[in-house]
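Trainee: Sequence:
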Amino acid sequence: MILITSAAYIGPEFRSELGKIPPAFLPIGNQRLYRYQYESLNTQDKVVLTIPESFSIPKHDLRQLEQMSIEILEIPEGLSLGDSIVCALNLSGYSEGPLTILHGDTLVYDIPVELHDIIAVSEVEDNYEWATFDGKTVQDFHPYDGATQANKQVVNGYFRFSDARTFIQSMVRARGAFIEGINLYSQQCKLSSYLTKDWHDFGHLHTYFRSKTHVSTARAFNSLKVESGVVTKRSDMPNKMAAESHWFQNIPSELKRHTPNFLGELSAGQRVEGYRIEYQCISSLNELFVFGDLPVFVWDKILKACGHFVSLCSTFEATESTQSFKTFLLEKTDKRLAEFSNDTGIALDEPWTLNGVNMPSIKHIHETSARHIPDTEVQTVVHGDFCFSNILYDFRSQSIKVIDPRGMNNEGLLSIHGFAHYDIAKLAHSIIGKYDFIIAGYFDLSRDGNALAFEVYQTDKDSFIRERFETLCEQQFGLNANQLLAMQVQLFLSMLPLHADKPERQLALLANAMKLYAELSA
Numbered sequence: 039m040i041l042i043t044s045a046a047y048i049g050p051e052f053r054s055e056l057g058k059i060p061p062a063f064l065p066i067g068n069q070r071l072y073r074y075q076y077e078s079l080n081t082q083d084k085v086v087l088t089i090p091e092s093f094s095i096p097k098h099d100l101r102q103l104e105q106m107s108i109e110i111l112e113i114p115e116g117l118s119l120g121d122s123i124v125c126a127l128n129l130s131g132y133s134e135g136p137l138t139i140l141h142g143d144t145l146v147y148d149i150p151v152e153l154h155d156i157i158a159v160s161e162v163e164d165n166y167e168w169a170t171f172d173g174k175t176v177q178d179f180h181p182y183d184g185a186t187q188a189n190k191q192v193v194n195g196y197f198r199f200s201d202a203r204t205f206i207q208s209m210v211r212a213r214g215a216f217i218e219g220i221n222l223y224s225q226q227c228k229l230s231s232y233l234t235k236d237w238h239d240f241g242h243l244h245t246y247f248r249s250k251t252h253v254s255t256a257r258a259f260n261s262l263k264v265e266s267g268v269v270t271k272r273s274d275m276p277n278k279m280a281a282e283s284h285w286f287q288n289i290p291s292e293l294k295r296h297t298p299n300f301l302g303e304l305s306a307g308q309r310v311e312g313y314r315i316e317y318q319c320i321s322s323l324n325e326l327f328v329f330g331d332l333p334v335f336v337w338d339k340i341l342k343a344c345g346h347f348v349s350l351c352s353t354f355e356a357t358e359s360t361q362s363f364k365t366f367l368l369e370k371t372d373k374r375l376a377e378f379s380n381d382t383g384i385a386l387d388e389p390w391t392l393n394g395v396n397m398p399s400i401k402h403i404h405e406t407s408a409r410h411i412p413d414t415e416v417q418t419v420v421h422g423d424f425c426f427s428n429i430l431y432d433f434r435s436q437s438i439k440v441i442d443p444r445g446m447n448n449e450g451l452l453s454i455h456g457f458a459h460y461d462i463a464k465l466a467h468s469i470i471g472k473y474d475f476i477i478a479g480y481f482d483l484s485r486d487g488n489a490l491a492f493e494v495y496q497t498d499k500d501s502f503i504r505e506r507f508e509t510l511c512e513q514q515f516g517l518n519a520n521q522l523l524a525m526q527v528q529l530f531l532s533m534l535p536l537h538a539d540k541p542e543r544q545l546a547l548l549a550n551a552m553k554l555y556a557e558l559s560a
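When the sequence shown is numbered by the numbering used here, its final residue is 560 and no position is left out of the sequence of numbers.
Hints should not be assumed to be uniformly reliable.
Said to hold, decoys possible - In silico SDA-like pairs for lysine to any residue, Cα to Cα no more than 20 Å straight-line:
#, residue 1, residue 2
1, K97, T497
2, K364, P412
3, K540, L483
4, K373, D423
5, K294, D442
6, K370, K401
7, K499, F354
8, K540, T382
9, K339, K373
10, K84, Y147
11, K342, K84
12, K339, L483
13, K373, I320
14, K439, A343
15, K58, H244
16, K373, T297
17, K339, K540
18, K84, S261
19, K439, Y147
20, K278, G267
21, K294, S261
22, K294, F354
23, K364, L517
24, K97, R434
25, K342, I441
Hints were generated in silico from the structure; no laboratory data involved.
Build the full structure now, drawing on both the sequences and the hints.
Mentor: Dropping the structure here:
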C-alpha cells in the first residue's frame with residue numbers, strides 16, 4: 039500500500055496566499071499536487087490519501103480522485119505525524135505486507151519502487167530544519183539546523199518499509215513520534231538511504247515556487263525555461279514573440295511596476311524567437327481561483343488591483359482609432375466561427391439543446407448577443423489577454439503583475455493599444471465564464487447529435503466573487519451584467535478553433551457560450 043500523508047493543513051505562510059488546504063491539494067499550474075504525485079508513483083498498488091477531517095473535497099477533485107482509484111481517509115486533526123499514519127492504517131485495515139509513505143508536500147520522480155526498507159534522501163542548500171540521515175544507520179536521524187550540519191543529504195519525504203506490522207508497532211512504542219518510531223523500526227528491519235536527484239519540495243513557500251518552475255503549463259507552441267530567476271520564453275510563432283516583446287518594451291513607464299522586469303529579446307536576424315523576463319515567486323489568479331480557498335474579502339483586494347491596472351492603462355489613449363470596439367469583436371468572432379465550422383463540419387445555422395432546453399443556432403447566438411455589446415471608438419494601452427492565467431498577484435504589495443500580453447491588433451500589426459472593454463471581457467470570462475475551470479478539465483459533458491449536457495464545477499465562493507466583480511464593472515467602467523455576458527458569449531465562440539486539439543474541451547467551450555447566452559436571454 040502507498041500512503042500519501044496530507045492530514046494536516048498547510049502552514050500559516052502558505053495559508054495567507056492559498057487558503058486553508060492540505061499540502062497534496064497545492065496548485066501546480068493547472069493541476070493539484072496529488073495528480074503529479076500519483077503519476078510519479080507509477081504503481082498498481084493501492085494508493086491512500088489522508089486529509090484533515092474538516093476538509094471538504096471539491097466535487098471536481100472527488101471525480102479525479104475516483105478516476106485514479108485513490109482512496110480518501112479523513113483523519114482527526116491535532117494528531118502527531120506518527121499517530122496520524124497509524125490511524126490511517128487502522129482505518130484502512132492494512133497491517134500486512136510492504137508500506138510506502140510519501141509526504142503530501144513531496145514530489146519525487148526517481149523513486150526506487152523495487153527496493154524495500156529505504157529512506158529517500160536528497161541534497162539541499164536551504165536553511166530549514168530538515169531531518170538528516172547518514173546513509174548507514176537511522177540512529178543519526180535527527181533535525182538538521184541548516185547551519186552547523188555538514189551533511190547536506192536530508193530526508194525528502196519518501197519511505198518504503200517491508201513490514202507494515204513492524205512499522206505500526208514501532209510507532210505505537212514511540213507514542214506517535216515519527217522519527218523515533220523509524221529509529222525503532224530500523225532496529226528490527228535495517229533501513230538504508232537512497233539518494234534521489236529528481237526531488238521537488240513543496241513544503242515551504244519559497245521552495246514551493248522554485249519547485250513549480252519544473253512544471254510547465256505553456257501551450258505546445260511555447261517553450262518556457264526558468265533558471266536562476268529568469269524566465270526564457272521561446273516559440274515557433276515569431277510574430278507572437280515579437281508582439282509580446284514589443285509590448286513589454288514600449289508600454290509607458292508608469293505601467294512597468296505591473297510587469298516583471300524585461301531582460302531582453304532573443305533574435306536571429308529579423309526573426310524574434312523569444313525573450314526573457316524576471317521570474318515572479320507569486321501565484322497566478324487561475325491557480326488561486328480554481329485551486330485555492332481564499333476568503334471573499336481577499337478577492338475584493340485582488341479585483342480592486344485588477345481594476346486599478348485597467349484604469350491606469352486607460353489613461354494612455356491612442357492618437358487615433360481605426361474601428362469601433364463592437365466591429366473589432368464581431369469581426370473576430372465571424373472569422374473564428376467560419377474556421378470552426380470548416381474544421382469540424384458543425385453547421386452554424388442548426389438549433390441545439392443544452393441540458394434539455396432548446397437553444398437557437400450558433401449563428402443566431404452570435405448575432406443576437408451582439409446587440410448587447412457596448413460600443414466605443416476610444417483605444418488605450420491594453421494588455422490584450424487579461425485573463426486569470428496571465429495575471430499574478432503579489433500579496434505583499436497587494437498589486438498585480440501581468441505576463442503574456444497580446445501586443446498586436448486584428449490585422450497582426452504590433453501595437454500596445456486596443457479597447458479597455460476587451461481586457462474587462464477577458465477578466466469576466468475567467469470570473470463569470472469559468473474559463474479556467476474548463477481548461478483544468480473541471481466540467482461534465484456529453485453529446486448526442488446537437489444535444490449537449492454540460493456542467494462546469496464551481497466553489498461556494500464563486501457567486502460572491504462574481505457579485506463583487508459585476509459591482510466593480512458597473513461602478514468603475516459603466517458596464518452592466520448583460521454587457522459582460524454578451525462580450526463573453528463572443529469570446530467563447532471566437533476561441534473555438536483555437537482548441538481544435540482537444541475536441542471535448544472545444545465542445546465544453548461551445549456549451550458554455552450557450553449557457554451564458556441562456557443567462558443573457560433570461
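Trainee: Give a verdict on every hint.
Mentor: Evaluation of the provided hints:
Restraint check for K97 and T497: satisfied, since their Cα atoms lie roughly 9 Å apart, inside the 20 Å limit. Proposed proximity of K364 and P412 is supported: the alpha carbons are some 7 Å apart, at most 20 Å. Our distance criterion of 20 Å between C-alpha atoms is met by K540 and L483, whose separation comes to about 13 Å. Straight-line distance between C-alpha atoms of K373 and D423 comes to about 18 Å, which keeps the hinted pair within the 20 Å bound.
Of the pairs offered as hints, the one joining K294 and D442 holds, with about 14 Å between alpha carbons and a cut-off of 20 Å not exceeded. Between K370 and K401, the direct Cα distance comes to roughly 14 Å. Compliance with the 20 Å bound is thereby established for this hinted pair. With a CA separation close to 35 Å, the supplied pair K499 and F354 exceeds the 20 Å bound. Taking the CA atoms of K540 and T382, the gap is about 12 Å. The hint holds against a cut of 20 Å.
Taking the CA atoms of K339 and K373, the gap is about 37 Å. The hint is violated against a cut of 20 Å. Restraint check for K84 and Y147: satisfied, since their Cα atoms lie roughly 18 Å apart, inside the 20 Å limit. For a cut-off of 20 Å, the pair hint linking K342 to K84 is broken: about 46 Å separates their Cα positions. At most 20 Å may separate the alpha-carbon atoms for a hinted pair to count; K339 and L483 exceed this at roughly 34 Å.
Straight-line distance between C-alpha atoms of K373 and I320 comes to about 37 Å, which puts the hinted pair past the 20 Å bound. A C-alpha spacing of about 10 Å is found between K439 and A343, which places the hinted pair at or below 20 Å, so the restraint holds. A C-alpha spacing of about 18 Å is found between K58 and H244, which places the hinted pair at or below 20 Å, so the restraint holds. Under the criterion of a C-alpha separation no larger than 20 Å, the hint pairing K373 with T297 is inconsistent with the structure, at around 32 Å.
Simply put, K339 and K540 have alpha-carbon atoms about 35 Å apart, too far for the 20 Å limit, and the pair is violated. About 36 Å separates the Cα atoms of K84 and S261, which puts this hinted pair outside 20 Å; it is violated. Between K439 and Y147 the CA atoms are separated by roughly 32 Å; this puts the pair beyond 20 Å, and the hint is violated. Of the supplied pair hints, the one linking K278 and G267 is violated, its CA atoms being roughly 23 Å apart against a limit of 20 Å.
A distance of roughly 24 Å separates the Cα atoms of K294 and S261; the hinted pair therefore is violated under the 20 Å criterion. Our distance criterion of 20 Å between C-alpha atoms is met by K294 and F354, whose separation comes to about 13 Å. Distance check on the hinted pair: K364 and L517 sit about 14 Å apart at the alpha-carbon level, within 20 Å; holds. Of the supplied pair hints, the one linking K97 and R434 is violated, its CA atoms being roughly 31 Å apart against a limit of 20 Å.
Proposed proximity of K342 and I441 is supported: the alpha carbons are some 18 Å apart, at most 20 Å.
In summary, the structure is inconsistent with hints 7, 9, 11, 12, 13, 16, 17, 18, 19, 20, 21 and 24 from the numbered list given earlier, while agreeing with the others.
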